[in-house]
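Protein chains: 2
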Amino acid sequence: MWINVAGAGAIGLLVGARLAEAGQEVRMITRTAEQAAVIRSGGILLSVEDEKKRISVGATERREAAADGSLTILAMKSYDLGEFVGAIGDVPGGAPLLFIQNGVGHLPLASSFRHRPVAFGTVEHGAKRTGQGSVEHTGIGPIRISAVSGDFSPFLPMFKAHSSAFPVLRAEEGPESLLLKKAIKNCMINPVTAVAGVRNGELAKDPHLRAILGRLHTELAGAFPEMANEVTLDGVLDLCRKTAGNTSSMLADLLAGRKTEAGAIMGGVIGLARARGVSLPALESLTDLVCSMERRKGRHG
Amino acid sequence: MWINVAGAGAIGLLVGARLAEAGQEVRMITRTAEQAAVIRSGGILLSVEDEKKRISVGATERREAAADGSLTILAMKSYDLGEFVGAIGDVPGGAPLLFIQNGVGHLPLASSFRHRPVAFGTVEHGAKRTGQGSVEHTGIGPIRISAVSGDFSPFLPMFKAHSSAFPVLRAEEGPESLLLKKAIKNCMINPVTAVAGVRNGELAKDPHLRAILGRLHTELAGAFPEMANEVTLDGVLDLCRKTAGNTSSMLADLLAGRKTEAGAIMGGVIGLARARGVSLPALESLTDLVCSMERRKGRHG
Numbered sequence: 474m475w476i477n478v479a480g481a482g483a484i485g486l487l488v489g490a491r492l493a494e495a496g497q498e499v500r501m502i503t504r505t506a507e508q509a510a511v512i513r514s515g516g517i518l519l520s521v522e523d524e525k526k527r528i529s530v531g532a533t534e535r536r537e538a539a540a541d542g543s544l545t546i547l548a549m550k551s552y553d554l555g556e557f558v559g560a561i562g563d564v565p566g567g568a569p570l571l572f573i574q575n576g577v578g579h580l581p582l583a584s585s586f587r588h589r590p591v592a593f594g595t596v597e598h599g600a601k602r603t604g605q606g607s608v609e610h611t612g613i614g615p616i617r618i619s620a621v622s623g624d625f626s627p628f629l630p631m632f633k634a635h636s637s638a639f640p641v642l643r644a645e646e647g648p649e650s651l652l653l654k655k656a657i658k659n660c661m662i663n664p665v666t667a668v669a670g671v672r673n674g675e676l677a678k679d680p681h682l683r684a685i686l687g688r689l690h691t692e693l694a695g696a697f698p699e700m701a702n703e704v705t706l707d708g709v710l711d712l713c714r715k716t717a718g719n720t721s722s723m724l725a726d727l728l729a730g731r732k733t734e735a736g737a738i739m740g741g742v743i744g745l746a747r748a749r750g751v752s753l754p755a756l757e758s759l760t761d762l763v764c765s766m767e768r769r770k771g772r773h774g
Numbered sequence: 474m475w476i477n478v479a480g481a482g483a484i485g486l487l488v489g490a491r492l493a494e495a496g497q498e499v500r501m502i503t504r505t506a507e508q509a510a511v512i513r514s515g516g517i518l519l520s521v522e523d524e525k526k527r528i529s530v531g532a533t534e535r536r537e538a539a540a541d542g543s544l545t546i547l548a549m550k551s552y553d554l555g556e557f558v559g560a561i562g563d564v565p566g567g568a569p570l571l572f573i574q575n576g577v578g579h580l581p582l583a584s585s586f587r588h589r590p591v592a593f594g595t596v597e598h599g600a601k602r603t604g605q606g607s608v609e610h611t612g613i614g615p616i617r618i619s620a621v622s623g624d625f626s627p628f629l630p631m632f633k634a635h636s637s638a639f640p641v642l643r644a645e646e647g648p649e650s651l652l653l654k655k656a657i658k659n660c661m662i663n664p665v666t667a668v669a670g671v672r673n674g675e676l677a678k679d680p681h682l683r684a685i686l687g688r689l690h691t692e693l694a695g696a697f698p699e700m701a702n703e704v705t706l707d708g709v710l711d712l713c714r715k716t717a718g719n720t721s722s723m724l725a726d727l728l729a730g731r732k733t734e735a736g737a738i739m740g741g742v743i744g745l746a747r748a749r750g751v752s753l754p755a756l757e758s759l760t761d762l763v764c765s766m767e768r769r770k771g772r773h774g
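Just so you know, the protein sequences line up as chains A and B, in that order. Residues 474 to 774 in my numbering are what the first sequence lists, from first letter to last. Residues 474 to 774 in my numbering are what the second sequence lists, from first letter to last.
These are calculated hints, taken from the structure and not from any lab test. Just so we're clear, the structure is a prediction, and the values are computed from it rather than from any experiment. Check before you lean on any hint, since a few could be wrong.
Note: identical chains are not told apart, hence a pair may lie in one copy or across any two.
With a cut-off of at most 25 Å between alpha-carbon atoms, the simulated PhoX-like pairs for lysine-lysine come out as follows [said to hold, decoys possible]:
{"id": "1", "residue 1": "633", "residue 2": "715"}
{"id": "2", "residue 1": "732", "residue 2": "678"}
{"id": "3", "residue 1": "678", "residue 2": "658"}
{"id": "4", "residue 1": "654", "residue 2": "732"}
{"id": "5", "residue 1": "770", "residue 2": "678"}
{"id": "6", "residue 1": "601", "residue 2": "654"}
{"id": "7", "residue 1": "658", "residue 2": "526"}
{"id": "8", "residue 1": "678", "residue 2": "654"}
{"id": "9", "residue 1": "601", "residue 2": "550"}
{"id": "10", "residue 1": "550", "residue 2": "732"}
{"id": "11", "residue 1": "550", "residue 2": "770"}
{"id": "12", "residue 1": "601", "residue 2": "715"}
{"id": "13", "residue 1": "633", "residue 2": "526"}
{"id": "14", "residue 1": "550", "residue 2": "658"}
{"id": "15", "residue 1": "526", "residue 2": "770"}
Make the full structure from the sequences, and use the hints.
Put into structure tokens, the structure is as follows:
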């Protein structure tokens, strides 16, 4: 049985290409018939540094196809998830779903799939879509997967693709904690790079931006004390240095005049904190700035 | 005796011109001999809407001149004040000083002038310097003056220039309260317009920027409860609407790659709050963003 990858943006194309390269039968579910045709005829062109490789995968624009595979990986942006999930519905006995979105806003979706195995993953790869069927792999990082139910076996096909170029790991923790940990890092790096209009490395170099990261960390550690040891300020600054040349997805979205994931990433975390009776004034202010820039179609461009 | 106006930026030129227009003998103290020569020979060219008027004033670049007049108005930016005040020293029996800077950081300066009458003023005019000796009067607002000592008489010469085009009022409150009230308004309008890169009116129109103003107001009202009724959120939003087309001084400074008054305006208020044991995370984050943009020479430009 094949694996469906629904969503053919940078991460969807990367995951599809790497799974197929490792011998899995992959079918992309695209938004448009045009993109499906491009991918069906030409495969996915995967670039890693100077090497280019063309990888054959199936492709369809029919969302219903998500019912047929052995596993469907949902790789669209979080704000497109609601519409997609509504369209595939909850078929009893349906195939397993793996969500790999940023943020924590989609966690409650799991409860609407009582008849399917559901897992959540975090993706630490860097990828850049360079065409309808082409993607550049710009940074290697693990995909970590945590299943909602106790039975992990429906997600084992992912591990067949594990390699040093595409590490797939089972998370040591439950989905809530896994996604929150990633979301907290994103809440520190994404809005500050987006508002200041800088690459990741600048957050570790500029004393004022570093001060903002420190303030965000203090604020988030107050709201989520169980995470304070898991996501340290030094760890996040290290991550900024290691990915110094990267343009965060949120800055890239603003620069391109696209919708950002502010709602899913910062909005989700702000909502969780609010449910605990804690407000996050620095993060909320940065989020409003990102939303305002998005509303004015980004002024970096 | 003449009135000295030390500092020939937009506000200094406006105040000098309006005082001279009202019959006061005015002498500008400029930073450079070149600017003094321009003003000595051509006076100050004051533009109001389509009307232009050339007004004769004296001018010198010698700082020591600040000892001779009946009153010296210090009209340079707050970050230049320390150097100027250091240079004029504290001559026993010296002439009265009127400080009209933004912020609250210069309040402690009063205590270093035990032998002179000292007053602080707030300026609500809009003014734009258009050349070394020319200024445009873009918005009329009162100058309010509050004296540190009980004796107000040394500052009465200012009131001789009072008119509907240049209102000069005696403040109903002490200097601390007068400056803090102005600084709180500036802390809401200046950093948000600067970081978002928008004119004042946008703060009342854009729902996300309005949300930031609301958050700043809540935060500041918590730190300065005695000010909460004096500076209301509605009042500040009204001010943004009334000055909708204005570019805040902080945004103008960033756009021109000049040093901003972030230290004097936000830094001063943050310091006062800290002295009360209160932190202002949203204001501190915005301040760091302004400082970071200033450090990178503004990215609006």
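Each hint, compared with the structure:
no.: 1; hint: 633 x 715; verdict: neither (28 Å within a copy, 65 Å between copies)
no.: 2; hint: 732 x 678; verdict: between (28 Å within a copy, 20 Å between copies)
no.: 3; hint: 678 x 658; verdict: within (17 Å within a copy, 32 Å between copies)
no.: 4; hint: 654 x 732; verdict: within (23 Å within a copy, 38 Å between copies)
no.: 5; hint: 770 x 678; verdict: between (28 Å within a copy, 15 Å between copies)
no.: 6; hint: 601 x 654; verdict: within (23 Å within a copy, 49 Å between copies)
no.: 7; hint: 658 x 526; verdict: neither (32 Å within a copy, 59 Å between copies)
no.: 8; hint: 678 x 654; verdict: within (23 Å within a copy, 35 Å between copies)
no.: 9; hint: 601 x 550; verdict: within (14 Å within a copy, 47 Å between copies)
no.: 10; hint: 550 x 732; verdict: within (10 Å within a copy, 40 Å between copies)
no.: 11; hint: 550 x 770; verdict: within (18 Å within a copy, 34 Å between copies)
no.: 12; hint: 601 x 715; verdict: within (18 Å within a copy, 45 Å between copies)
no.: 13; hint: 633 x 526; verdict: within (20 Å within a copy, 82 Å between copies)
no.: 14; hint: 550 x 658; verdict: within (18 Å within a copy, 39 Å between copies)
no.: 15; hint: 526 x 770; verdict: neither (35 Å within a copy, 43 Å between copies)
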